[in-house]
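*Asks:* So the sequences go chain by chain: A and B.
Quick note, the first sequence lines up with residues 2 to 116 if you use my numbering.
Quick note, the second sequence lines up with residues 564 to 679 if you use my numbering.
Honestly, the hints are just simulated from the structure, not real lab data.
Be aware that one or more of the hints could be misleading.
Stated by the list, open to error - Partial list, computed: chain B residues near chain A (C-beta under 7 angstroms):
no. : residue
1   : L589
2   : S606
3   : F670
4   : S672
5   : G673
Only a predicted model underlies this, so the values are computations on that prediction, with no experimental measurement involved.
Where a beta carbon is used, it is the ideal one built from N, C-alpha and C, also for glycine.
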Amino acid sequence: GENVEQHPSTLSVQEGDSAVIKCTYSDSASNYFPWYKQELGKRPQLIIDIRSNVGEKKDQRIAVTLNKTAKHFSLHITETQPEDSAVYFCAATDPFTGGGNKLTFGTGTQLKVEL
Amino acid sequence: GAVVSQHPSRVICKSGTSVKIECRSLDFQATTMFWYRQFPKKSLMLMATSNEGSKATYEQGVEKDKFLINHASLTLSTLTVTSAHPEDSSFYICSAGDRGRVYGYTFGSGTRLTVV
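Take the sequences, apply the hints, and build the full model.
*Replies:* Structure follows, in C-alpha cells:
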C-alpha cells in the first residue's frame with residue numbers, strides 16, 4: 002500500500018518568512034496529492050491540491066510542487082502570517098483504484114508563525 | 564459546496580458502554596465513507612471504508628467487531644464503538660466520497676470521544 006512520509010514534524014518561522022514542508026510517497030500509481038490544514042479539534046481543510054499531470058500549482062501565498070520521478074511533493078507558504086499556524090498534512094491517492102478515494106496521510110507538520 | 568454533518572461533536576461515556584457516531588451528507592450522495600481515527604498530535608489513520616449497501620472494509624489491525632460501521636443509505640453512515648475502553652478515547656472523523664466527484668473529499672467536523 003501507499004506510504005507517505007512528511008518532514009519536518011515541527012516548523013517555526015518568523016512572520017513574513019516562507020515555510021516549506023516536504024512529502025515523499027511510495028506508490029507510483031498515486032496521482033492526486035492534496036494538502037490539508039488542521040486547527041486543533043477541527044476538521045482538516047483542503048488548502049491546495051495537485052494532480053500528476055502538472056508540476057506546480059499556485060494559489061496566492063500557497064504553492065505546491067510535484068516531482069513524479071522522485072516521488073516527492075512540497076508545500077510552499079510565502080509571507081507567512083500568525084493565522085497560518087496549524088498542523089499541515091500532505092496526502093496521496095489514486096482516485097481510480099478499486100478501493101475508491103482512499104487517502105494516505107503524511108505524519109503532519111506543526112507550523113508555528115512567530116511575531 | 565458539499566457538507567457532511569457529524570454528531571456528536573463531543574461525547575463522554577463510561578467504560579463498557581457503546582457510543583454511536585453519525586455522519587450525514589447534506590447535499591450530495593455519499594457513495595463511500597471513510598472513517599478515521601486521530602490521536603493527539605498524530606496523523607489521521609484510516610480505520611475502514613464503507614460503500615452504501617455493502618459491508619465495510621477494515622484496515623489491518625482494526626477490530627471490526629469493536630468498531631461497527633453501517634452505511635445503509637447514501638446520506639448516512641454510522642460508527643459504533645462497542646464496549647468502549649479508555650484506550651478508545653480519540654478524535655474520530657469521517658470523510659465522504661461521491662462517485663460524481665472523483666477528487667472530492669468532504670470531512671465531517673469530528674467527534675471527540677472520551678471514555679472514563
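*Asks:* None of the hints should be skipped; say for each whether it holds.
*Replies:* Structure-based check of all given hints:
1. L589: 14 angstroms, violated
2. S606: Hint on S606(B): holds, closest Cβ of chain A at ~5 angstroms, below 7 angstroms.
3. F670: 4 angstroms, holds
4. S672: Where the cut-off is 7 angstroms and the nearest Cβ of chain A is about 5 angstroms from S672(B), the hint holds.
5. G673: Holds: closest Cβ of chain A sits about 6 angstroms from G673(B), inside 7 angstroms.
Violation of the numbered hints given earlier is confined to hint 1; every other hint is satisfied by the structure.
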